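Trainee: Residues per chain are reported as follows:
2 protein chains.
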Amino acid sequence: MNIELIAIGDEVLYGMVVNSNAAFIAHALLEAGFLVSRHSTVGDDPVALRKALHAALLRKSCVITTGGLGPTCDDHTRAAIAEIFNVPLKHNSEVHAYIKSIFGSVKSIDNQATLPVGAEILQNPLGTASGLYLKNERLYPESFLIALPGVPSEMREMVKTGLIPYLKAKLPVGKRLFVLPLHFMKLCEVDVDHHLHEIEKECPAIECGIYPGLGVLSVQLKAFAHDEEEFLEIVTIYKERLSEKFRAHLFDSPSGRLDEAVHRYFLERKLSLALAESCTGGSLAGRFCAYSGASSYFRGSIVAYSNEIKTGLLHVSEKTLESKGAVSIEVTEEMAKGVAKEMKAQCSVAVSGILGPTGGTADKPVGTICASLYLEGASIHSWQMNHIGNREMILEKTIQNILAELLTFLVKHR
Amino acid sequence: MNIELIAIGDEVLYGMVVNSNAAFIAHALLEAGFLVSRHSTVGDDPVALRKALHAALLRKSCVITTGGLGPTCDDHTRAAIAEIFNVPLKHNSEVHAYIKSIFGSVKSIDNQATLPVGAEILQNPLGTASGLYLKNERLYPESFLIALPGVPSEMREMVKTGLIPYLKAKLPVGKRLFVLPLHFMKLCEVDVDHHLHEIEKECPAIECGIYPGLGVLSVQLKAFAHDEEEFLEIVTIYKERLSEKFRAHLFDSPSGRLDEAVHRYFLERKLSLALAESCTGGSLAGRFCAYSGASSYFRGSIVAYSNEIKTGLLHVSEKTLESKGAVSIEVTEEMAKGVAKEMKAQCSVAVSGILGPTGGTADKPVGTICASLYLEGASIHSWQMNHIGNREMILEKTIQNILAELLTFLVKHR
Numbered sequence: 001m002n003i004e005l006i007a008i009g010d011e012v013l014y015g016m017v018v019n020s021n022a023a024f025i026a027h028a029l030l031e032a033g034f035l036v037s038r039h040s041t042v043g044d045d046p047v048a049l050r051k052a053l054h055a056a057l058l059r060k061s062c063v064i065t066t067g068g069l070g071p072t073c074d075d076h077t078r079a080a081i082a083e084i085f086n087v088p089l090k091h092n093s094e095v096h097a098y099i100k101s102i103f104g105s106v107k108s109i110d111n112q113a114t115l116p117v118g119a120e121i122l123q124n125p126l127g128t129a130s131g132l133y134l135k136n137e138r139l140y141p142e143s144f145l146i147a148l149p150g151v152p153s154e155m156r157e158m159v160k161t162g163l164i165p166y167l168k169a170k171l172p173v174g175k176r177l178f179v180l181p182l183h184f185m186k187l188c189e190v191d192v193d194h195h196l197h198e199i200e201k202e203c204p205a206i207e208c209g210i211y212p213g214l215g216v217l218s219v220q221l222k223a224f225a226h227d228e229e230e231f232l233e234i235v236t237i238y239k240e241r242l243s244e245k246f247r248a249h250l251f252d253s254p255s256g257r258l259d260e261a262v263h264r265y266f267l268e269r270k271l272s273l274a275l276a277e278s279c280t281g282g283s284l285a286g287r288f289c290a291y292s293g294a295s296s297y298f299r300g301s302i303v304a305y306s307n308e309i310k311t312g313l314l315h316v317s318e319k320t321l322e323s324k325g326a327v328s329i330e331v332t333e334e335m336a337k338g339v340a341k342e343m344k345a346q347c348s349v350a351v352s353g354i355l356g357p358t359g360g361t362a363d364k365p366v367g368t369i370c371a372s373l374y375l376e377g378a379s380i381h382s383w384q385m386n387h388i389g390n391r392e393m394i395l396e397k398t399i400q401n402i403l404a405e406l407l408t409f410l411v412k413h414r
Numbered sequence: 001m002n003i004e005l006i007a008i009g010d011e012v013l014y015g016m017v018v019n020s021n022a023a024f025i026a027h028a029l030l031e032a033g034f035l036v037s038r039h040s041t042v043g044d045d046p047v048a049l050r051k052a053l054h055a056a057l058l059r060k061s062c063v064i065t066t067g068g069l070g071p072t073c074d075d076h077t078r079a080a081i082a083e084i085f086n087v088p089l090k091h092n093s094e095v096h097a098y099i100k101s102i103f104g105s106v107k108s109i110d111n112q113a114t115l116p117v118g119a120e121i122l123q124n125p126l127g128t129a130s131g132l133y134l135k136n137e138r139l140y141p142e143s144f145l146i147a148l149p150g151v152p153s154e155m156r157e158m159v160k161t162g163l164i165p166y167l168k169a170k171l172p173v174g175k176r177l178f179v180l181p182l183h184f185m186k187l188c189e190v191d192v193d194h195h196l197h198e199i200e201k202e203c204p205a206i207e208c209g210i211y212p213g214l215g216v217l218s219v220q221l222k223a224f225a226h227d228e229e230e231f232l233e234i235v236t237i238y239k240e241r242l243s244e245k246f247r248a249h250l251f252d253s254p255s256g257r258l259d260e261a262v263h264r265y266f267l268e269r270k271l272s273l274a275l276a277e278s279c280t281g282g283s284l285a286g287r288f289c290a291y292s293g294a295s296s297y298f299r300g301s302i303v304a305y306s307n308e309i310k311t312g313l314l315h316v317s318e319k320t321l322e323s324k325g326a327v328s329i330e331v332t333e334e335m336a337k338g339v340a341k342e343m344k345a346q347c348s349v350a351v352s353g354i355l356g357p358t359g360g361t362a363d364k365p366v367g368t369i370c371a372s373l374y375l376e377g378a379s380i381h382s383w384q385m386n387h388i389g390n391r392e393m394i395l396e397k398t399i400q401n402i403l404a405e406l407l408t409f410l411v412k413h414r
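Just so you know, the sequences run in chain order G and P. Be aware that the first sequence starts at 1, since it is given in this note's numbering, and climbs by one per residue. Be aware that the second sequence starts at 1, since it is given in this note's numbering, and climbs by one per residue.
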């Protein structure tokens, strides 16, 4: 049986609101062993809504809608459902009593308790819009419909406590899909792709996915299994093969974020860290401070946007600045040493560059970034990057590149 | 003509990634005068993809797809398009040359230059996946298809520079929807709601929208008109009424972001700014440095995550730290003065607090944040915030609150 999600509302259709409801439901269902086959979004237009519902129900589907169950003039879901299931709307005194018991005598209570006859009710503990379950053997013999409210907090609670137990009782749960993610830095899709093809060929039960992010490549090994043990039996040798093949690129982070992996590295080893940032302007420091516990290793950052601060607080020599320019390996080396000394840190990172769109020269075009890593007892490591893109992209590529170099450098030297 | 958006990819279908592309495109089209009629999402399944494309093209539509244009085994969009338009895939040497000119001889270049015959190319300046435009008068006489890459940064750039000019040339633009946004800080929905109802009652041509964000409330006045002049004739008196009513809350930012409004304020007045950040850990500095031109006023930030740096670099007295604690108005006042002096800035901001989830006490629970604003020649302004939420939310609320206070303070004192 198909599972189709339909989001209802002009605010979603016209992009004022991102449809995060679909992702939440799809992911919750995936984890429960159900695969969604399609999402759609339609606006607050009764005709378009009825058409979309009717077409989905004809596809032998469990159709799950979100939105349009509120009490205002642009909420059409209950009426549309009643129409396509060919039943009247009628006041339901039990639902009325339930809403009143939780929310008191709210103005919209009569409206919210008026529901398609024959609908089973999925209670909403957080709001006045009840969820609905409808089936009609004659009109849609192999389908059924579940309507949920669109307010994310209400919908999420009802998915966990109502929808998923409901589907588990209604639909056969056999094997479910398990997913094993692996995260790599400094790798491209094409580096990994043919290895995944080989895995899929050797073991047709496994499906591979590649998800490139900025500076990060995530690979997923997916397979259907009855439980985690069975799944691990299928994927473990391939996981180990990929880990072995790309050992220098693999990083460990539940979220798949490189900043989290670097944060965990510093946290576990209690290695103190300080930053000297020019072009990244505090954003690199922000990546560490986003994680709880950073205060146990992160000393601080000097954001030196002006040259005066580079020479003053970071002790960069005026001679180096003049002869090499602010964007140079010589300057970032002095910045890295300066901030490590000033903040008494064992490790430091310095970065200076041109994010654009202005400030580039023939010699050093927009996207030229220099960085240095200092580690107590090891030699300093410096390099130059040349990124393309707009300001936001160059900043993000710079941060990802520094995080990857830093992790590689630390693993090598400690 | 309908406009339908189809997102392609298992990662979207199964909820690993939220489909923010649909919202971006729908909103960009809305602003350009085109209304989207439906979004869908399908997975990396060639059969489901072809079915969805075919069905959408039969609905007299401009179909816009995102995703599946990459070079790997789970990218099926080019093949699916070729199949439903009944044309072969063929290597395109012009596209090959274009990709090579920007990205060099990347490994995937042959694959990425193999495209459906007859497709017009929408160049992608930020990636190797070209956009495609296809039409077939015989198969789908009243429809056409535009395929865009799924990587958000690439897609966004191509929507602005490629898709929208393209649609304006292809589709009739009659009366289109114009939107006038107004952005307010320190306001709630209920403060504004009844004023908007009044406007809608007085002038039925106007539809109002309220979009609350973290720390920001955006209001939209929307109306259909032939051109901007006609639109402004309709909305101007209501815009002025709202601006007058909420003058102290209004801020000026094309993006609706408070950080942009503050950036513009400093940029225009060439007022120099320095920051001393404890709990925000560089993120506040990052908000300014995200904007080109920040270097003309932004001096830098000292991210003082440890007390030693507060006393050393920021000259906070050890006595104050000990008697009042790091999270206190007395400490942020000394931080603000210290960084202004150290960085020779006319204006400075200091912040210190507990983002959690650990570190709270009975006296100063998680969410307790102190901040100070210093302005040359004015008295220092300090206040305490008490935010609730998780670490990420408390950080964002803190940043928004500081930006709002800073803008209000500057407008009042200068």
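Hints are not guaranteed to be accurate.
You can't tell identical chains apart in this list, so a pair holds if it fits in one copy or across any two.
As the list claims (entries may be wrong) - Pairs of lysine-lysine residues, derived as DSS-like cross-links and limited to a Cα-Cα distance of at most 30 Å, are as follows:
no., residue 1, residue 2
1, K51, K222
2, K175, K160
3, K51, K175
4, K341, K324
5, K344, K245
In case anyone wonders, no lab produced these hints; they're calculated from the structure. Since this is a predicted model, take the numbers as computed values, not measurements.
Trainee: For each hint, tell me whether it holds in the structure or not.
Mentor: Evaluated hints:
no.	hint	in the structure
1	K51 with K222	between (35 Å within a copy, 24 Å between copies)
2	K175 with K160	within (20 Å within a copy, 44 Å between copies)
3	K51 with K175	between (33 Å within a copy, 26 Å between copies)
4	K341 with K324	both (22 Å within a copy, 28 Å between copies)
5	K344 with K245	neither (38 Å within a copy, 53 Å between copies)
Checked against the numbered hints given earlier, the structure breaks only hint 5 and satisfies all the rest.
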